[in-house]
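Based on the hints, put chain W in the right spot on chain U.
Chains U and W supply the protein sequences, listed in that same order. The numbers in this note's numbering rise by one with no breaks, and the one at position 139 of the first sequence is 139. The numbers in this note's numbering rise by one with no breaks, and the one at position 37 of the second sequence is 37.
Incorrect hints may appear among the rest.
As the list claims (entries may be wrong) - List time: in silico DMTMM-like cross-link candidates among lysine to aspartate or glutamate, alpha-carbon distance up to 20 Å:
#1 W:K302 with U:E164
#2 U:K135 with U:E164
#3 U:K121 with W:D305
Derived from the structure by calculation, the hints contain no laboratory data. It should be emphasised that the depicted structure is a prediction, and the values quoted were computed from it without experimental measurement.
Number of protein chains: 2
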Amino acid sequence: MAIHQCRTIHISILIGILLISGCQNKQHISSNKPFGLVIHGGAGTILKKNMSEELESEYIEKLKESLHAGYTVLENQGSSLDAIQAAITILEDSPLFNAGKGAVFTNAGTNELDAAIMDGKTLNAGAVAGVKRIKNPLYLARLVMEKSPHVLLTGEGAEAFAEENGIELISPDYFFTEQRWEQLQQLKEQQDKSVSDLMQQNINTESANHLFGTVGCVALDQEGNLAAGTSTGGLTNKRFGRVGDVPIIGAGTYANNQTCAVSATGEGEYFIRSVIAYDISALMDYRKMSLQNAADRVIMEKLTDLGGTGGIIAIDNNGHIAISFNTSGMYRGYIDMDGEMSIKIYKY
Amino acid sequence: MAIHQCRTIHISILIGILLISGCQNKQHISSNKPFGLVIHGGAGTILKKNMSEELESEYIEKLKESLHAGYTVLENQGSSLDAIQAAITILEDSPLFNAGKGAVFTNAGTNELDAAIMDGKTLNAGAVAGVKRIKNPLYLARLVMEKSPHVLLTGEGAEAFAEENGIELISPDYFFTEQRWEQLQQLKEQQDKSVSDLMQQNINTESANHLFGTVGCVALDQEGNLAAGTSTGGLTNKRFGRVGDVPIIGAGTYANNQTCAVSATGEGEYFIRSVIAYDISALMDYRKMSLQNAADRVIMEKLTDLGGTGGIIAIDNNGHIAISFNTSGMYRGYIDMDGEMSIKIYKY
Numbered sequence: 001m002a003i004h005q006c007r008t009i010h011i012s013i014l015i016g017i018l019l020i021s022g023c024q025n026k027q028h029i030s031s032n033k034p035f036g037l038v039i040h041g042g043a044g045t046i047l048k049k050n051m052s053e054e055l056e057s058e059y060i061e062k063l064k065e066s067l068h069a070g071y072t073v074l075e076n077q078g079s080s081l082d083a084i085q086a087a088i089t090i091l092e093d094s095p096l097f098n099a100g101k102g103a104v105f106t107n108a109g110t111n112e113l114d115a116a117i118m119d120g121k122t123l124n125a126g127a128v129a130g131v132k133r134i135k136n137p138l139y140l141a142r143l144v145m146e147k148s149p150h151v152l153l154t155g156e157g158a159e160a161f162a163e164e165n166g167i168e169l170i171s172p173d174y175f176f177t178e179q180r181w182e183q184l185q186q187l188k189e190q191q192d193k194s195v196s197d198l199m200q201q202n203i204n205t206e207s208a209n210h211l212f213g214t215v216g217c218v219a220l221d222q223e224g225n226l227a228a229g230t231s232t233g234g235l236t237n238k239r240f241g242r243v244g245d246v247p248i249i250g251a252g253t254y255a256n257n258q259t260c261a262v263s264a265t266g267e268g269e270y271f272i273r274s275v276i277a278y279d280i281s282a283l284m285d286y287r288k289m290s291l292q293n294a295a296d297r298v299i300m301e302k303l304t305d306l307g308g309t310g311g312i313i314a315i316d317n318n319g320h321i322a323i324s325f326n327t328s329g330m331y332r333g334y335i336d337m338d339g340e341m342s343i344k345i346y347k348y
Numbered sequence: 001m002a003i004h005q006c007r008t009i010h011i012s013i014l015i016g017i018l019l020i021s022g023c024q025n026k027q028h029i030s031s032n033k034p035f036g037l038v039i040h041g042g043a044g045t046i047l048k049k050n051m052s053e054e055l056e057s058e059y060i061e062k063l064k065e066s067l068h069a070g071y072t073v074l075e076n077q078g079s080s081l082d083a084i085q086a087a088i089t090i091l092e093d094s095p096l097f098n099a100g101k102g103a104v105f106t107n108a109g110t111n112e113l114d115a116a117i118m119d120g121k122t123l124n125a126g127a128v129a130g131v132k133r134i135k136n137p138l139y140l141a142r143l144v145m146e147k148s149p150h151v152l153l154t155g156e157g158a159e160a161f162a163e164e165n166g167i168e169l170i171s172p173d174y175f176f177t178e179q180r181w182e183q184l185q186q187l188k189e190q191q192d193k194s195v196s197d198l199m200q201q202n203i204n205t206e207s208a209n210h211l212f213g214t215v216g217c218v219a220l221d222q223e224g225n226l227a228a229g230t231s232t233g234g235l236t237n238k239r240f241g242r243v244g245d246v247p248i249i250g251a252g253t254y255a256n257n258q259t260c261a262v263s264a265t266g267e268g269e270y271f272i273r274s275v276i277a278y279d280i281s282a283l284m285d286y287r288k289m290s291l292q293n294a295a296d297r298v299i300m301e302k303l304t305d306l307g308g309t310g311g312i313i314a315i316d317n318n319g320h321i322a323i324s325f326n327t328s329g330m331y332r333g334y335i336d337m338d339g340e341m342s343i344k345i346y347k348y
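Isolated chain U (complex conformation) (with noise of 0.2 Å):
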């Protein structure tokens, strides 16, 4: 059975803060462009009895430097592709996020990062997968969408292409934080398991510990134009060169200025099967649907039916902002097109 936990966003904020700084010019209200953004920092089991109040904060503070980051450049005309990517650098540079420097373990003791994004107005697409030397994913996908006719590079022939476009490969020791290799150590020591019961754990564990940090965000901009970008450390303990669904375009990432753009986030291998992003998309196409019920019909129905937890975030061509996921909590935010800035962590 569905359970709807996120059916409409509330201007009111769950968490009892409301940002609203840095959005007072309201200029673009009567511009009749609307534009706007919406950012996730991860679905899963995400309870405030487990949150410190200090590190709340500082998820919360992360998340409004992101959304204004992303927020100034549409303000000031910029692009929607320029917006994600300002937003997603924000959150892949802070450890609190299972992207770029937070990024979790793989059983190889190494960070293998995946990112998408993709273009509503010419719906071009880049994605890389497995890179370990890219500080900032999103980046080098948004590059192999403008500098290659390609789609999807991967592992060290990814990095071989960063280098040939500019692209400084750091050290691999750059990932490392204390309280990642501290998640794999706590994950190795249950390695007496079978494969498949390891791998199968592996994810148990994933949503038990509320680790799917994936950021992603989508947005609006005074064109019209409609980019959705995903970034990933993927599952912490993973091997056998697992990817998930980040970047595959049409399940993490999809963008597409005839409906709108989404980014997800959750168990990766039910939002590939599940085609998450596209199938919004072809519900508001094919069922003239509105956003917020094509997001729900997929995210807590088609998905929760199959036994898949995670979440979307979206907005549509028109500027409206949906967020929908079966999860206890989502770091999620938004300003919309009257300049109202949200942030919530809980299901509530």
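Chain W alone, transformed into the frame defined by chain U:
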């Protein structure tokens, strides 16, 4: 402007060969349990004037062998998954197609293979990308689907998973064929171009030389279960760990018992950006289109308008077959629910 090149499947076969041997047992016709399968061996610029009679015969014989292998499984009440595996293994083991034995070479002189499989009953899926020592990548994709909670495994990680699951890793030398090596050398001679020119030319040359030899199969079994599978060696002279549409669920491969099973071949980047395989399913589901109309809308209109070339094979849950492509040829064949076999190469 979209050009309709294959709107319907004519029972008459255009290369003048009707092969119904092995399909004389018509028991299934009265069983009210329609079943059938479709295969492809790639789409591209395939012109009769460039094809020797001998080579044409080799292609036809191999396609026939593949169809028989898959059909025998279905006839004996085997599963659609077993049928597509039987059919694709034969194409992978042939040097004629750009998959398995006949895989093209990368810029580094290696062979990096991709494959995917999807089960329409459960929406389970498995895929591998960039494997170098796997004789039959489609079989490995099936093991990923059945023996791991993951969907997509890549590179050496996927090979480690293969070994742990009893698949023998072969020497990369297995994939050496003189023809593919010469194709690589021809492309390399033009390497004084810039990287992006080279990458673009790479795609164009593939098209011009009709090297889209990706193979695929879709099937409906007597239990009413659909399945789809695709296997490829990617692009000649590819660099940067490029991955195309084949292992991307929803792009090159998709199956859903509620609608259809689809396998694609063509310029992979366009197929990813257009979420081709899932889009056909979505048009059937949300717009109640017939399989052929949905396939033509996606290939002849949407893909063509975006500038992409290639095609798809598909079968729906009633056993109807559709093939749609916007190139001058496509290696293809089917045995339909009446037990009739058709094999074609050229557009007409």
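For each hint, the structure was consulted:
The suggested pairing of K302 of chain W with E164 of chain U is violated, with an alpha-carbon distance near 33 Å, which exceeds 20 Å. Proposed proximity of K135 of chain U and E164 of chain U is supported: the alpha carbons are some 16 Å apart, at most 20 Å. At roughly 14 Å between alpha-carbon atoms, K121 of chain U and D305 of chain W fall within 20 Å of each other, so this suggested pair holds.
When the structure is compared with the earlier hints, a violation turns up for hint 1 alone.
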